[in-house]
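Student: Listed below, chain by chain, are the residues.
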Amino acid sequence: MKRNWWKYLGAALVLYAIIVGISRPLNPGILQIDPIALEAGQTYDLNIATYNTNFTNGSDVDAFIKINDTFGIQSQSVVILEHNELKASFVIPEKLPSILQRERYSIILSADGLGTFIRPSALSIVQKEIDLNGAIAAWPSNDFGKFKRADRAQFPFRAILYESLRNLFYHVPMWFGMTFLLLGSLVSSVLYLKDNNIERDMMASSMIKVAVLYGILGCATGAIWARGTWGTWWTFQEIKLNVSAATLLLYFAYFLLRAAIDDEILKAKISSVYSIIGFVAAVFLLFVLPRMVGDSLHPGNGGNPGFGGEDLDSTLRTVFYPAVIGWTLLGFWLAQLSYRSEILQDYFLEKFD
Amino acid sequence: MKSILALIRLELQMELRRKYALGGALLYVLSTVFVIYSSLQDAKELPWNALFWLVALFIAVNAVAKSFAIEQDGTQLYLYQLASGIHIIMAKIIYNVLLVMLLLSLSTVAFLLFLAIPILHMGLFFCTIALGSLSLGIVLSFISAIANKTDSSAVFTAILGFPVLLPILLSLIKLTEASFSEEMLPVSHDIIILLAIDTILLGLILILFPIVWKD
Amino acid sequence: MKINSLILLVFTFGISCPLLAKDPIEVALHSSGKIYLVVGTLAVIFIGILIYLFSIDKKLTNIENQIKDNE
Chain A
18 MKRNWWKYLG AALVLYAIIV GISRPLNPGI LQIDPIALEA GQTYDLNIAT YNTNFTNGSD
78 VDAFIKINDT FGIQSQSVVI LEHNELKASF VIPEKLPSIL QRERYSIILS ADGLGTFIRP
138 SALSIVQKEI DLNGAIAAWP SNDFGKFKRA DRAQFPFRAI LYESLRNLFY HVPMWFGMTF
198 LLLGSLVSSV LYLKDNNIER DMMASSMIKV AVLYGILGCA TGAIWARGTW GTWWTFQEIK
258 LNVSAATLLL YFAYFLLRAA IDDEILKAKI SSVYSIIGFV AAVFLLFVLP RMVGDSLHPG
318 NGGNPGFGGE DLDSTLRTVF YPAVIGWTLL GFWLAQLSYR SEILQDYFLE KFD
Chain B
250 MKSILALIRL ELQMELRRKY ALGGALLYVL STVFVIYSSL QDAKELPWNA LFWLVALFIA
310 VNAVAKSFAI EQDGTQLYLY QLASGIHIIM AKIIYNVLLV MLLLSLSTVA FLLFLAIPIL
370 HMGLFFCTIA LGSLSLGIVL SFISAIANKT DSSAVFTAIL GFPVLLPILL SLIKLTEASF
430 SEEMLPVSHD IIILLAIDTI LLGLILILFP IVWKD
Chain C
3 MKINSLILLV FTFGISCPLL AKDPIEVALH SSGKIYLVVG TLAVIFIGIL IYLFSIDKKL
63 TNIENQIKDN E
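Going line by line, the protein sequences match chains A, B and C.
Count along the first sequence from 1, then add 17; that gives the number in our numbering.
Count along the second sequence from 1, then add 249; that gives the number in our numbering.
Count along the third sequence from 1, then add 2; that gives the number in our numbering.
With the C-beta cut set under 7 angstroms, the calculated list includes, among others, these residues of chain C facing chain A:
1. Val46
2. Gln68
3. Asn72
If you are wondering where the hints come from, they were derived from the structure by calculation, not from laboratory data.
We put the CB at the ideal spot given by N, CA and C, even for glycine.
Hey, can you work out the whole structure from these sequences and the hints?
Tutor: Have a look at this one:
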């Protein structure tokens with residue numbers, strides 16, 4: 018138990034990530050609004066379709082239209098149509114708090130138990146004349162104090178991603194795990210070159226084996242996720258996909274190299290040296306190049322909205338960090354299994370030769 | 250320092266005697282340019298960037314792969330046993346870098362003369378060639394030292410070399426793309442990255458080569 | 003002639019209609035909020051790790067057989 022505590026910890030963390038990651042609900046969200054092109058001075062009945070809501074006739078839901086975090090109006094009335102559809106009536110004042118004729122406004126819904134959710138820049142409102150001072154009176158400040166909080170922990174709602182947001186806990190840790198395993202193999206290779214203990218080289222090769230496994234799984238799960246959100250299994254326009262593939266190529270070459278040399282000691286030396294050089298290249302590929310290129314389809318990079326508040330919502334973080342640690346520990350466990358089988362094979366090969 | 254120069258002179262002498270790499274590489278330059286010329290006559294907008302670097306890689310890998318292959322000579326082995334590992338690899342790297350620089354310059358000239366490649370910023374282009382030769386020379390010299398321990402060293406130079414060269418190549422490609430474009434694109438980041446990766450790799454190679462060489 | 007062109011029209015529409023129908027993958031994803039992407043991800047990871055475990059198991063079985071043969 019003392020020696021294997023980290024394996025059980027890893028398994029427990031992964032189990033936690035799977036259970037909470039799947040069962041914690043998403044924040045409700047706003048899917049569609051009809052109509053979305055409005056005019057100042059008119060009254061509208063906005064038909065709003067929502068996601069993951071459970072409205073009943075008695076639900077107390079408030080609706081607001083706001084802009085710039087400063088100006089907002091509340092709806093005159095809210096009528097619940099279905100568990101995920103409602104009708105909010107708004108009277109748009111004659112004057113808008115905007116210096117443009119047409120600008121985009123956000124819509125906010127706030128419900129008991131579900132919390133407050135927003136669709137930014139959802140409505141386009143047009144005004145005929147611009148009168149900022151006159152408008153400010155008609156649009157009370159945003160300090161409503163009426164925003165309700167959710168009574169349970171929820172993951173953020175992201176358009177396009179929806180439930181697939183949960184892949185954050187399973188796809189991304191594959192890459193973190195791969196990186197930590199490669200780091201471990203680097204340490205092992207360096208130690209081997211220092212004291213020529215062949216077991217260290219076997220450890221390095223086992224770690225790289227699992228790193229490649231995680232890399233392949235990361236690419237496969239990423240392809241599934243991409244097919245559902247970007248519309249394609251793979252694209253060569255995305256830098257992260259290209260550099261991940263390149264890194265895998267590099268370590269495939271590592272195994273080819275090992276297969277091509279028969280003498281054990283030479284094999285160990287040459288492959289250790291190559292893995293050290295390869296690690297430098299991999300670091301540049303995986304971490305330097307994506308930051309340099311900037312443009313990316315991945316959430317959180319290249320101008321795409323991230324997963325939550327600043328980069329990671331706190332509700333996501335409580336599952337994400339344990340998931341990364343758990344999957345990484347699991348990876349090291351798999352590597353250790355491979356290492357032990359190699360050692361045994363070597364031992365019995367020598368015994369019976 | 251003197252031993253490094255002596256080793257470089259040795260490489261040069263062997264090269265002049267056999268004309269392996271230089272002759273072969275010149276042939277590569279001319280034949281690839283010829284293939285491109287004859288097959289892409291009608292195309293207006295050629296992917297110059299891709300073409301140039303394909304040719305450059307082809308030439309560089311073949312030129313450097315041969316540098317460690319000519320090891321069977323008895324006199325060579327004797328001299329190598331006298332010199333220290335670091336001196337040997339430094340000599341090989343300097344020689345290969347200069348060789349690749351020569352070959353890439355020849356390719357550029359061939360592209361300019363026969364294919365009218367539309368390079369707008371010559372200075373940047375030659376700077377890129379210099380950086381590229383440095384990177385390719387350093388990496389390929391070491392990779393071919395490793396690959397030489399296997400049975401099919403030329404194949405392995407390519408297999409092992411390409412993934413390690415990828416981050417370098419991506420930066421080089423961005424630099425040459427900037428030299429084709431009319432505006433002055435910001436390239437300082439790529440140059441810094443190239444220099445950084447060259448320095449790190451060179452340092453590691455100097456440490457690691459003696460280990461490989463002990464056999 | 004008129005009947006022929008009518009038949010041709012119906013035929014053309016009949017062929018093109020399936021093309022207007024939604025891609026079954028898209029339908030499955032949207033109607034369930036794309037939870038199937040998560041299911042697919044977990045399934046792929048699980049299968050991958052299983053394959054790896056099988057290969058380790060096979061290696062151990064080989065070693066055990068070697069021991070048995072040599073005793």
